[in-house]
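4 protein chains.
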Amino acid sequence: MEKKILLTHCPDAKGLIAKITNICYKHQLNITRNNEFVDRENGRFFMRTELNGIFNDETLLADLDDALPQGAKRRLVNAGRKKVVILVTKEAHALGDILMKCFEGALDVEIAAVIGNYDNLGQLVGKFGIPFHHVPHQGLSRPEHEAALTAAIDSYGPDYLVLAKFMRILTPDFVAQYPHRIINIHHSFLPAFIGANPYRQAFERGVKMIGATAHFVTDDLDEGPIIEQDVTHVSHVYSATDMAKAGRDVEKSVLSRALQLVLDEKVFVYGNKTVVFK
Amino acid sequence: MEKKILLTHCPDAKGLIAKITNICYKHQLNITRNNEFVDRENGRFFMRTELNGIFNDETLLADLDDALPQGAKRRLVNAGRKKVVILVTKEAHALGDILMKCFEGALDVEIAAVIGNYDNLGQLVGKFGIPFHHVPHQGLSRPEHEAALTAAIDSYGPDYLVLAKFMRILTPDFVAQYPHRIINIHHSFLPAFIGANPYRQAFERGVKMIGATAHFVTDDLDEGPIIEQDVTHVSHVYSATDMAKAGRDVEKSVLSRALQLVLDEKVFVYGNKTVVFK
Amino acid sequence: MEKKILLTHCPDAKGLIAKITNICYKHQLNITRNNEFVDRENGRFFMRTELNGIFNDETLLADLDDALPQGAKRRLVNAGRKKVVILVTKEAHALGDILMKCFEGALDVEIAAVIGNYDNLGQLVGKFGIPFHHVPHQGLSRPEHEAALTAAIDSYGPDYLVLAKFMRILTPDFVAQYPHRIINIHHSFLPAFIGANPYRQAFERGVKMIGATAHFVTDDLDEGPIIEQDVTHVSHVYSATDMAKAGRDVEKSVLSRALQLVLDEKVFVYGNKTVVFK
Amino acid sequence: MEKKILLTHCPDAKGLIAKITNICYKHQLNITRNNEFVDRENGRFFMRTELNGIFNDETLLADLDDALPQGAKRRLVNAGRKKVVILVTKEAHALGDILMKCFEGALDVEIAAVIGNYDNLGQLVGKFGIPFHHVPHQGLSRPEHEAALTAAIDSYGPDYLVLAKFMRILTPDFVAQYPHRIINIHHSFLPAFIGANPYRQAFERGVKMIGATAHFVTDDLDEGPIIEQDVTHVSHVYSATDMAKAGRDVEKSVLSRALQLVLDEKVFVYGNKTVVFK
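Protein chains in written order, with the numbering used here: chain A, 19 to 296; chain B, 19 to 296; chain C, 19 to 296; chain D, 19 to 296.
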């Protein structure tokens, strides 16, 4: 008995749930959890189906292709452990939270490696017996640096890349190599304070809340599909430094939650938005 | 074209989603929203299906009864407006929130009448052109008072009763007349401070949060299936009076949200728990 | 015995708390609650002192003026009920929440009048026995309309104006008449989606949270000092309409909380920020 | 120039703020932050004063003792780093969060040692270069085990003990050695599900929220003064295991926040309650 997840995304049509679940039934697969969503404005159908049983992937997918409308996308993925590579710069908080959650079993993922454009987080990563690669950007053109990153990343064949406060802008060419497979944490709500020192800007503006947004990376660095957001209350007693500290706490918890959702294959991307089956 | 909601609750079995959605498809009904949940521990299957089309209720339900396992419960309800009767005592906040939400269109329900065991809320109810019945309990035995309540309630034939801070304990006989149709708001988390003056108790205990619980009423007044809960932060600067005020704010918002969920037929009850498809 | 609140705002200096509290002590006034805050970056001192006793306002303020540094601002205000005029357009939710909270005693304020540039909310206001003025803007220049508003407002001499979804941009001349006395509710976080249909924009962007901001109105309509902010979680199942509905719920609760803070004289404005002693 | 914190707790009286701040002024100390609270019901005065300057502790405290009413307690503590010893059993989450927060600089405390009644967390503690003591309880009477704990603890002279999911009940004799210096995290709201397997109980009850409470340990293990509480929303899709996982997330964040508040000397205990100057 195996456990797999069927992800279906196609134009909406009458009878889709019946067709898909019939095929599963015919294949003697037990549906242990099912979620659907219809975006009526755009006529799109989304379904996530957790299946238990003995799988013949080829015939199952062929049956689905016969039944689903033109333009349907369907994926059958193993429910098991995924592999990620984490990219970092200098800040430890987002990385540290993922490392500790993995260690204690709260996050079930294989961290294949951590790559930093500085080397200061190597010591932390080493404590957990995980390879750390220092891939400095100094003295390199952007394409040269990204080529070095890609080489390091691809030697591990990860399912997803996690940007845990990786403070470099990525080129469209790099991003195109990992479509909807790069998860980033942004320091604020989107739309938000743009440019350097966002917490200083938030402080100057006298905001009463600080937020963070986890999203997939697309060509527009901070404008990709949003996976998860959260906020925390602040007040006038918070200095810009205090706000940054509060912000880091939200950042790490939002990133960890987004990562969990992605690892559980609960996130569909379409256009610049997501469907998240919590 | 009509809109109805099919609610199915039965022992779990392979192929249930396929069977139910096939029948809907055969009846040319369009599924606009579907939610299922399987309680694997107890082997129970729950499904809520929003349908659009032309309905032949009798044949649809007959087809379902043929397909579903023994012991299945299924209901086909109109998606339209429900009718409620609200019971109150002296406090205005929970009632006022429902009245105002209905007035502004945020809550789509017909408030057939409000019944109070005191008369002080009659003026507020009158502002909104809704009948108010004063059904005093003084000088009456509990069965006599409940008979008077029942007579007033039943003249309106409501779908649900809402206890908006109705401070009388109801007998099993009364509750049995409206099974899983009475919604109550409780002043605290459950388990919680029991007895008189719960906010005074919370104050004495120095709690840092105040909560409220909306639940269906069963024979155990405050122990019925929970629909919705929420909390608000408090601190040492809150007096017992301030805590009660903060508590009223949570109470009214939790009750309104629970009522909305019930009116939308999103709540299944089984055993002493609920499945809530948000 | 009277209750008053002393509000002090001045350049920071050593011994300020001692000086101010000494003067209160000398005047035989009992401090029942005291809050201070020092903005060290800008060297500003803020103190809010709740006092009980028999007041000689003139000598008390004179003593303070002798003791405080140059450029100090101090106000001694009665702790009692304030008077507000509410400006509205067509939406009922923010107004309705304030009306109901006043009715039930959760908000202690005199609503002297409600003024609308449309007349559709007159009926709601009338239910609560409060004067409603219809001051239409059609066919009037902006200064003409604002002159009509001012005439209606000033006949009541309110302490504060509340813009409860008043959808007209106010001129600097109008705003200058009520400095830091106009409270507005903005439909979103700031910075935020700008322009028409913000919830449509939020929906298109696929946000997972919806927020609201209450602030004082300055010449930059949505850029004044922030008093209070909050958010609510949304998801892909929310249509733009659902997001607007969720947004209205946040808007009204944020506005009511901001109004309460202002009425309690807990808000200092300086520069474009606030100090809020919760 | 040093930084110290003056903590005053005494019967309320007129002029206390003036008296205390006068003395600070006379000693040429600069007040950088000040908070007071008066519990009017019990007539108690609390004040926390952050001071900058050159201290003569002896004369400062003597001056205060002359000025304050009978029964006053006052402490002058260094604002610097505190030392803690952490007690654990088998679960890593609460400990791990504190270790990582210290490592990344989000929590400023010296973890002198970790003591476990099992040895399985020794490896994690070792990663961070912190001493781990395995003090097993097997085969020991409770007083014998506590004597072993005390010996290990006292060799470090910590300011506070942190019970990071230490699952042993402590005797009044042990607790009396560290009055208001032991911080515990409780798996739920208080009052709450009592006894074994609280998350199983919460699951059976069908709750929609899971909470955690950090408190000082007194003779009644879970009934000491509450420092901090929080909750997270759960739903019918959560198994008892999922609820426990969600609960661990709340537990660790509540404990870390409570620890921060205590380390910052922001918490007063009186009776069975706390005053927390956030």
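It should be emphasised that the hints constitute simulated quantities derived from the structure, not laboratory data. Among the clues, some could well be false.
For chains that are exact copies, the list does not tell them apart, and a pair is met inside one copy or across any two.
[Said to hold, decoys possible] The calculated DMTMM-like cross-link candidates involving lysine to aspartate or glutamate, where the alpha carbons are at most 20 Å apart (straight line), are:
#, residue 1, residue 2
1, K263, E109
2, K291, E222
3, K21, D260
4, K296, D57
5, K291, D83
Hint check results:
1. K263 <-> E109: within (11 Å within a copy, 27 Å between copies)
2. K291 <-> E222: between (31 Å within a copy, 8 Å between copies)
3. K21 <-> D260: Cα proximity of K21 and D260: across copies only (19 Å, versus 45 Å in one copy).
4. K296 <-> D57: both (17 Å within a copy, 16 Å between copies)
5. K291 <-> D83: This pair counts as neither: shortest intra-copy Cα distance 25 Å, inter-copy 40 Å.
Hint 5 from the earlier list is the only one contradicted by this structure; the remaining hints agree with it.
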